[in-house]
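Work out the full structure: start from the sequences and follow the hints.
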Amino acid sequence: MAKRLLVRGNEAICRGAIEAGCRFYFGYPITPQNDIPEYMSREMPKLNGVFIQAESEIASVNMVMGAAATGARAMTSSSSPGISLKMEAISYMAGMELPCLIVNISRSGPGLGGIDASQGDYFQAVKGGGHGGYHIIVLAPASIQEMYDLAMLAFDLAEIYRTPVMILGDSVVGQMKEPLVPHPRPHRELPAKDWALRGKGDGEQRFIKSLYLGDGELEAHNWKLDAKYREMKARETRWEDFQTSDADLIVTGFGSAARIAKTAVMMAREEGLKVGLLRPVTLFPFPSAAFAERTARCKKVLDVELNTGQMVEDVRLSVARDAEVYFYGRPSGTGSLPTPEEILGQIKKYY
Amino acid sequence: MQQVFKRPTSLKDVQTHFCPGCHHGTIHRLVAEALDEFGLQKETIGIASIGCSVFLYYYFDIDVIETPHGRAPAVATGVKRARPDRFVFTYQGDGDLAAIGTAEIIHAANRGEHISVIFVNNTTYGMTGGQMAPTTLLGQKTSTSPYGRKPQVEGYPIRMAELLSGLDGVAFSARAAVNSPKNLMDAKKQIRKAFRYQVEGKGFSFVEVLAACPTNWGMNPIEANERVGREMCEFFKLGTFKNTAEL
Ligand SMILES: Cc1ncc(C[n+]2csc(CCOP(=O)(O)OP(=O)(O)O)c2C)c(N)n1
Ligand code: SF4
Chain Z
1 MAKRLLVRGN
11 EAICRGAIEA
21 GCRFYFGYPI
31 TPQNDIPEYM
41 SREMPKLNGV
51 FIQAESEIAS
61 VNMVMGAAAT
71 GARAMTSSSS
81 PGISLKMEAI
91 SYMAGMELPC
101 LIVNISRSGP
111 GLGGIDASQG
121 DYFQAVKGGG
131 HGGYHIIVLA
141 PASIQEMYDL
151 AMLAFDLAEI
161 YRTPVMILGD
171 SVVGQMKEPL
181 VPHPRPHREL
191 PAKDWALRGK
201 GDGEQRFIKS
211 LYLGDGELEA
221 HNWKLDAKYR
231 EMKARETRWE
241 DFQTSDADLI
251 VTGFGSAARI
261 AKTAVMMARE
271 EGLKVGLLRP
281 VTLFPFPSAA
291 FAERTARCKK
301 VLDVELNTGQ
311 MVEDVRLSVA
321 RDAEVYFYGR
331 PSGTGSLPTP
341 EEILGQIKKY
351 Y
Chain S
352 MQQVFKRPTS
362 LKDVQTHFCP
372 GCHHGTIHRL
382 VAEALDEFGL
392 QKETIGIASI
402 GCSVFLYYYF
412 DIDVIETPHG
422 RAPAVATGVK
432 RARPDRFVFT
442 YQGDGDLAAI
452 GTAEIIHAAN
462 RGEHISVIFV
472 NNTTYGMTGG
482 QMAPTTLLGQ
492 KTSTSPYGRK
502 PQVEGYPIRM
512 AELLSGLDGV
522 AFSARAAVNS
532 PKNLMDAKKQ
542 IRKAFRYQVE
552 GKGFSFVEVL
562 AACPTNWGMN
572 PIEANERVGR
582 EMCEFFKLGT
592 FKNTAEL
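Same order as they appear, the protein sequences are chains Z and S. Here the first sequence is numbered in my numbering, starting from 1 and rising by one per residue. Here the second sequence is numbered in my numbering, starting from 352 and rising by one per residue.
Hints should not be assumed to be uniformly reliable.
Below, simulated DMTMM-like cross-link-like pairs (lysine to aspartate or glutamate); rule was C-alpha separation at most 20 angstroms, straight line [said to hold, decoys possible]:
id, chain 1, residue 1, chain 2, residue 2
1, S, Lys393, Z, Glu236
2, S, Lys363, S, Glu394
3, S, Lys544, S, Glu394
4, S, Lys393, S, Asp364
5, Z, Lys274, Z, Glu236
6, Z, Lys299, Z, Asp248
7, Z, Lys299, Z, Glu204
8, Z, Lys193, Z, Glu178
9, S, Lys363, Z, Asp202
10, Z, Lys177, Z, Asp35
11, S, Lys544, S, Asp436
12, S, Lys501, S, Glu585
13, S, Lys393, Z, Asp202
14, Z, Lys200, S, Glu394
15, S, Lys540, S, Asp519
16, S, Lys593, S, Glu551
17, S, Lys544, S, Asp387
18, Z, Lys233, Z, Asp322
19, Z, Lys233, Z, Glu159
20, S, Lys363, Z, Glu159
21, Z, Lys200, S, Asp436
22, Z, Lys200, S, Glu388
23, Z, Lys300, Z, Asp322
24, Z, Lys228, Z, Asp194
25, Z, Lys209, Z, Glu159
26, Z, Lys274, Z, Glu204
27, Z, Lys200, S, Asp364
28, Z, Lys193, S, Asp436
29, S, Lys539, S, Asp436
30, S, Lys553, S, Asp519
31, Z, Lys209, Z, Glu189
32, Z, Lys127, Z, Glu236
33, S, Lys393, Z, Glu204
34, Z, Lys193, S, Glu394
35, S, Lys540, S, Glu505
36, Z, Lys200, S, Glu384
37, S, Lys588, S, Glu551
38, Z, Lys200, S, Asp387
Hints in this document: simulated from the structure, not taken from any laboratory.
Next up, the structure:
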């Protein structure tokens, strides 16, 4: 049997990234993700990798930009206010088509807010966040194993689509300990990095930029990016389906909220209620088709989030026209994490 | 017949977009000559900043990355750490380096990153239309200091070459100008020295080059060139402020 480890989510991300070949980490301290830079500061030197605690989140994400431009697998991590600071560079890298991993172990807001679990950054992660109308792939793990697996997947997707990829977690999945089964990185065909800067040698000059001033240039570039987003939507949506096939009500939610909701779904099943869970794993691209298919039959969806309603907008856009979408959420703050019993009460209210 | 003057191979045979009398073109040439002299063209990754020099990749025949405003030293850090065998330099204006990017330049310098920085100080924001820069001289009128820079209101011009020379991570720091043949030859030597520091693995090197921006100074090229010598060299002294390896 494969070796099982008992680790925190934040460590699982590090282990997944390292297994994926990431040897460049640049970050800045902020709770609740400090175990990521701390782990990387210990491990990177042993692997001949690079760890830099930068002067700010802005500097760290720009260091990622530099390393990524040479074709290296590079990452940064932070939490909500720090991710806000990184947004300019994320927009640049979306425009420059640079692959990298950005981890947001998000905290509550707005402003300095607090350090409790929150899903208040869904809009920021999924709807652009930075300026200019771009998308990046956003992955939402709900377990420690998934923190590990998605960190590994993130680097492959980043290279396949030449895009930054974000892992959106929170202090629940970041700080919690659970068994993790490490495994080698699955083999995937990856495109050649014929864009990476290397010094021109005897070849043609290469440059990486996001400024396009010529007539029609930027529009063409944006159509190219748009085609890429459509390809992601067609090929990369991922979700977890738990007992939705006979369900009369489907509960949805992502990340830690979906974990709590899953317990509530199991409690409902024990009481004989036909309830299932549909959990988006990719928040962008959003698994719209999975919602459309299931709501052709099941007409009730209850969305649970740790905010006052963000992903629910995408759920509403995805379900069959005659399906009802209910929402239950609480904005973040100490003591605001809903219990499974609380969500069971909501299930019964709408069932 | 012997050819004594030719275009450096690191520069492309294209016309630049710089205004008449702008010193960016001259400084580009000096940088390209230094790259040629050390045979670095094929192994260089240039880090462009945001300002009138954003099109570095159109003029230099080398690999280049364009970076967000002020962040060139951080991007250079990422590039150099990933490819320590490559020659990495940033080319930044005074708005880019001494205002929005102050944190990045100080910390890249203080970490002693093995990169070279070419800092073009023209006492104004060229690209955005001549606003006040951190290096704008006292009394100087700009589009956002229309009554002249007053220390009580806008503070003082900042001397980056001296400031950075105080950091332990900095191996070489100098200031040069290109307003006269003599200064130009000195500037060339300082840039060459800065590059030698990196080539020989001797640490972080910095050259500030005083430059004319006739367009935003409201001067013709001759007047602007004269102002560099008359006003700028007065406040921003030319010279070497740090030279740890005594190159
Ligand atoms: C975040 C951000 N803020 C502002 C700008 C606008 N901007 C472009 S260039 C520039 C200043 C350029 O001045 P300088 O660095 O002195 O270079 P020069 O044009 O004089 O060579 C500014 C403020 C920008 N591109 N990005
Ligand atoms: S605006 Fe000034 S710095 Fe920019 S190209 Fe013209 S003269 Fe040069």
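| Taking only the CA atoms, is the gap from S:Lys363 to Z:Asp202 under or equal to 20 angstroms? | 15 angstroms, holds
| message | Checking one constraint from the list: CA of Z:Lys200 to CA of S:Asp364, max 20 angstroms. Satisfied? | response | 17 angstroms, holds
| Within 20 angstroms, alpha carbon to alpha carbon, are Z:Lys300 and Z:Asp322? | 9 angstroms, holds
| query | Is the hinted pair S:Lys363 and Z:Glu159 satisfied, with a Cα-Cα distance of at most 20 angstroms? | reply | Violated, at roughly 31 angstroms.
| Pairwise hint evaluation, S:Asp387 against Z:Lys200, where the allowed Cα distance is 20 angstroms at most | 14 angstroms, holds
| If you draw a straight line from the CA of S:Lys540 to the CA of S:Asp519, is it 20 angstroms or shorter? | 23 angstroms, violated
| query | Does Z:Asp202 lie within 20 angstroms of S:Lys393 when you go C-alpha to C-alpha? | reply | 7 angstroms, holds
| request: Would you check the hint for S:Lys553 and S:Asp519, treating anything up to 20 angstroms between C-alpha atoms as holding? | output: With a Cα-Cα distance of about 13 angstroms, the restraint between S:Lys553 and S:Asp519 holds, given a limit of 20 angstroms.
| said: Checking one constraint from the list: CA of Z:Lys193 to CA of Z:Glu178, max 20 angstroms. Satisfied? | reply: With a Cα-Cα distance of about 36 angstroms, the restraint between Z:Lys193 and Z:Glu178 is violated, given a limit of 20 angstroms.
| field | Pair hint outcome, Z:Lys233 versus Z:Glu159 [Cα-Cα no greater than 20 angstroms] | value | 16 angstroms, holds
| query | Is it true that the CA of Z:Lys193 sits at most 20 angstroms from the CA of S:Glu394? | reply | With Cα atoms ~18 angstroms apart, Z:Lys193 and S:Glu394 stay inside 20 angstroms; holds.
| Holds or violated: are the alpha carbons of Z:Lys299 and Z:Asp248 at most 20 angstroms from each other? | Holds, at about 7 angstroms.
In terms of the numbered hints stated before, the structure departs from hints 1, 5, 7, 8, 15, 18, 20, 26, 29, 31, 35, 37, listed from lowest to highest.
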